[in-house]
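Novice: Could you put together the complete structure from these sequences and hints?
For what it's worth, the numbering used here labels the leading residue of the sequence shown as 1, then goes sequentially.
Just so you know, the hints here were simulated from the structure itself, not pulled from any lab data.
Any given hint might turn out to be false.
[What the hints assert, rightly or not] BS3-like cross-link-like pairs, simulated, lysine-lysine; straight-line CA separation at most 30 angstroms:
id: 1; residue 1: K80; residue 2: K52
id: 2; residue 1: K83; residue 2: K52
id: 3; residue 1: K52; residue 2: K260
id: 4; residue 1: K83; residue 2: K196
id: 5; residue 1: K80; residue 2: K260
id: 6; residue 1: K196; residue 2: K260
id: 7; residue 1: K260; residue 2: K200
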Amino acid sequence: MSIWMIGDLQGCCAPLESLLARPEIAGDADARFWFAGDLVNRGPASLATVRKVMSLGERAVAVLGNHDLHLLAVAAGLHKVGKSDTIQEVLDAPDAADILAWLRHRPLAHFQLGHLMVHAGVLPAWTAAQTLALAGEVEATLRGPLWRDFLAQMYGNQPAAWDDGLQGADRLRVIVNALTRMRFCAADGTMEFAAKANAKHAPDGFMPWFDVPGRATESVTVVFGHWSTLGLLERPGLLSLDTGCVWGGQLTAARLEDHKLVQVACQQYQVPG
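Specialist: Given below as structure tokens:
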């Protein structure tokens, strides 16, 4: 059984279909798939994309990304559909309730065979075990009766750093921001959210989260997406898979056991707004 780890889809169903049809992948009827989050938004087929991933059933693990959480917040009436959003078709779908319930029950972190997948990053002080435990706190809240209350308090950049003593909304917000939004942080773990450039253009006093010395997840391989300007990056203990599919780049899959890459070219979509 092979496990294929796949970068951000962002509503790009045609490239996903092409990727799954590649002989290296389609030839293995028992293959499993890990998706690095942001299944929806910006691309032309958010509804078809999320339905395709759902159709894979237990063969697929999809961690939540910031765009997936945004869809849930809009569905809960907490945010409006933005000019650049392509999620209205999901909200209008006859199976919208089933899709939203499915999304609410996705994890924020997944660990297996020495590989830890998150959407954006892991704070340098967190071990893999702690990351899973903290992700579990958010997951339990999203799956519970107060999920709308949580989403109403999820947005914001503060607190910007982790503290074991954090409680309530502040605690959950830091966890969500690290796992679904972070690109750069300081050596002390303070996160920065404005910069979206590649790793060579870190803001003063900050660095890519994975370059912080002594990172506690160095003993495992962290697999993530979210950072299209970073692109494909593979080095010991690290695998970045967002290769800008929605921006006319590629959709990338990496096989877990040997990190063999399979990529398909993507057309440049006209993102609304």
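Novice: Report the numbers of all earlier hints that the structure fails to satisfy, in ascending order.
Specialist: Number 5 - this is the single hint that the structure violates.
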